[in-house]
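**Student:** Below, each chain spelled out in residue letters.
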Amino acid sequence: MEKALFNYLLRLADSSLIIGHRLSEWCGHGPVLEEDIALTNIALDFVGRANALYEYAGKVEGKGRTEDDLAYLRNERDFFNNLLAEQPNGDYAQTILRQYLTDAFEIHFYEALSTSKDETLAGIAAKSLKEIQYHLRHSSSWMLRLGDGTEESNRRLQNALNEIYRFTGSLFETDENDSVLIAAGIVPDLSAIQQQWQKDVDAMLEKAMLKKPENVWMQKGNLQGKHTEHLGYILAEMQSLHRALPGVKW
Amino acid sequence: MTTKEVRTILAQIPDPEIPVISIEELGILRDVNFENDECIVTITPTYSGCPAMKAIEQDIVALLKENGIHKVKVIYIFSPAWTTDWLNDAAKEKLRKYGISPPEKTTADKSVLTGIQKIVKCPRCNSENTELVSQFGSTACKALYKCKDCLEPFDLFKCH
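Residue numbers (the working numbering), protein chains in the order written: chain A, 1 to 250; chain B, 1 to 160.
In short, the hints are calculated from the structure, not lab data.
All of these numbers come straight from a predicted model, not from anything done at the bench.
The C-beta atom is built at its ideal place from N, Cα and C for all residues, glycine as well.
One should not assume that every hint holds.
[Said to hold, decoys possible] Just so you have them, the derived chain B footprint on chain A, three or more residues with Cβ under 8 Å:
hint	segment
1	38-44
2	128-142
[To be verified] Here are a few chain B residues that sit away from chain A, every Cβ distance over 10 Å (derived from the structure):
hint	residue
3	GLU35
4	GLU38
5	ASP59
6	ASN67
7	LYS73
8	LYS158
Let the sequences and hints guide you as you build the complete structure.
**Tutor:** Rendered as structure tokens:
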């Protein structure tokens, strides 16, 4: 049970850290000041959540690893984040789309997780859920503004959808850890979440005048540590200081 | 020193980003306890990634040291999740005077989900003729507004 929970916590923490890092790349580069501030605020929520999840994962594992050890001293193959999180920022349309698809998943997932029988996990989820409401509202408003905006903004958002929709299947990937933890009432069943997500996303795509890509082959493999080529570069950038100066602290 | 006395001391610490109110008034300071001779102070972040938490931890350790308590451990909790419902009316008035529009409703208000704009009063001229500039302001807990009458930009402390 501890092993299953540890692996599951890593999955959640890695997804939060990696998308948080991606969003932080917009710092100083946002299209307008307000969006620069918005994305970096959202990035902070994700990195803060990752910190709490790693800290708890370290406790569950019981080998004395800290949140820094887990974030900075694991290799690409030991990361289990969903494949959507690691996709590049691209243009603003791609960043907004990646964020909307993630937020639409998280709003249902973290609501379900907030009733977990694991009190620590339920507490982290309840806290996160409040923040996800803001994230979703922000990304939804931009989906509509870009999708139902100009010909160019619609084209860019559609291009982004064609490019990254194939990574959404990895949000719902499960393995043997899921069944153990679902049975114990610790985590929700992702198939139920997937139905809610699909319904919301379909409605949004229609409102934003976008066409859902058809016959998409969903890319998976993240739970076995198989990633797209982008993750290695993020880790190289994020971990280089800690690896050059082991144990470095502020 | 009793836990109550320690708590009174810690209640003086201002929030690093909104110095007109203390970490006690903001609801960040959750608990003070002694385990043997070690003082355990429990705090909770407003938002998960609030970057002020480390500064608050340092302030706590430094202030207790000045008061002769040298063994201090600061622990972070996430549950119960921080809410603006913990701010009392006096604290809200301090925010308003400082130029930050305080959270007016309780968190039972779901307008953040429905997208319906609430009436937000300008903290300077009291006008209700204001508009949202960005949902994310200078810190995670605030949104950026503009008063269309006195034309001043201001922060709204988000109801959370």
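**Student:** If you look at each residue in the segment 128-142 of chain A, do at least three have a Cβ nearer than 8 Å to any Cβ of chain B?
**Tutor:** holds (count 8)
**Student:** Is it the case that LYS158 (chain B) keeps its Cβ farther than 10 Å from each residue Cβ in chain A?
**Tutor:** 8 Å, violated
**Student:** Measuring Cβ to Cβ, find out whether ASP59 (chain B) lies farther than 10 Å from everything in chain A.
**Tutor:** 16 Å, holds
**Student:** So is the segment 38-44 of chain A in contact with chain B by the C-beta rule, three or more residues under 8 Å, or is the coverage claim wrong?
**Tutor:** It holds: at least three residues are needed, and the segment 38-44 of chain A offers 5 whose Cβ sits within less than 8 Å of chain B.
**Student:** The output says GLU35 (chain B) does not contact chain A. Does that hold with a beta carbon cutoff of 10 Å?
**Tutor:** Consistent with the label, GLU35 (chain B) stays out of reach of chain A, its closest Cβ about 18 Å off (over 10 Å).
**Student:** Over 10 Å from every CB of chain A: does LYS73 (chain B) meet that, or does the non-interface label fail?
**Tutor:** 15 Å, holds
**Student:** Is the Cβ of GLU38 (chain B) more than 10 Å away from each Cβ in chain A?
**Tutor:** 19 Å, holds
**Student:** With 10 Å as the threshold, tell me whether ASN67 (chain B) passes as away from chain A on beta-carbon distances.
**Tutor:** Fine: 26 Å to the nearest Cβ keeps ASN67 (chain B) off the interface.
When the structure is compared with the earlier hints, a violation turns up for hint 8 alone.
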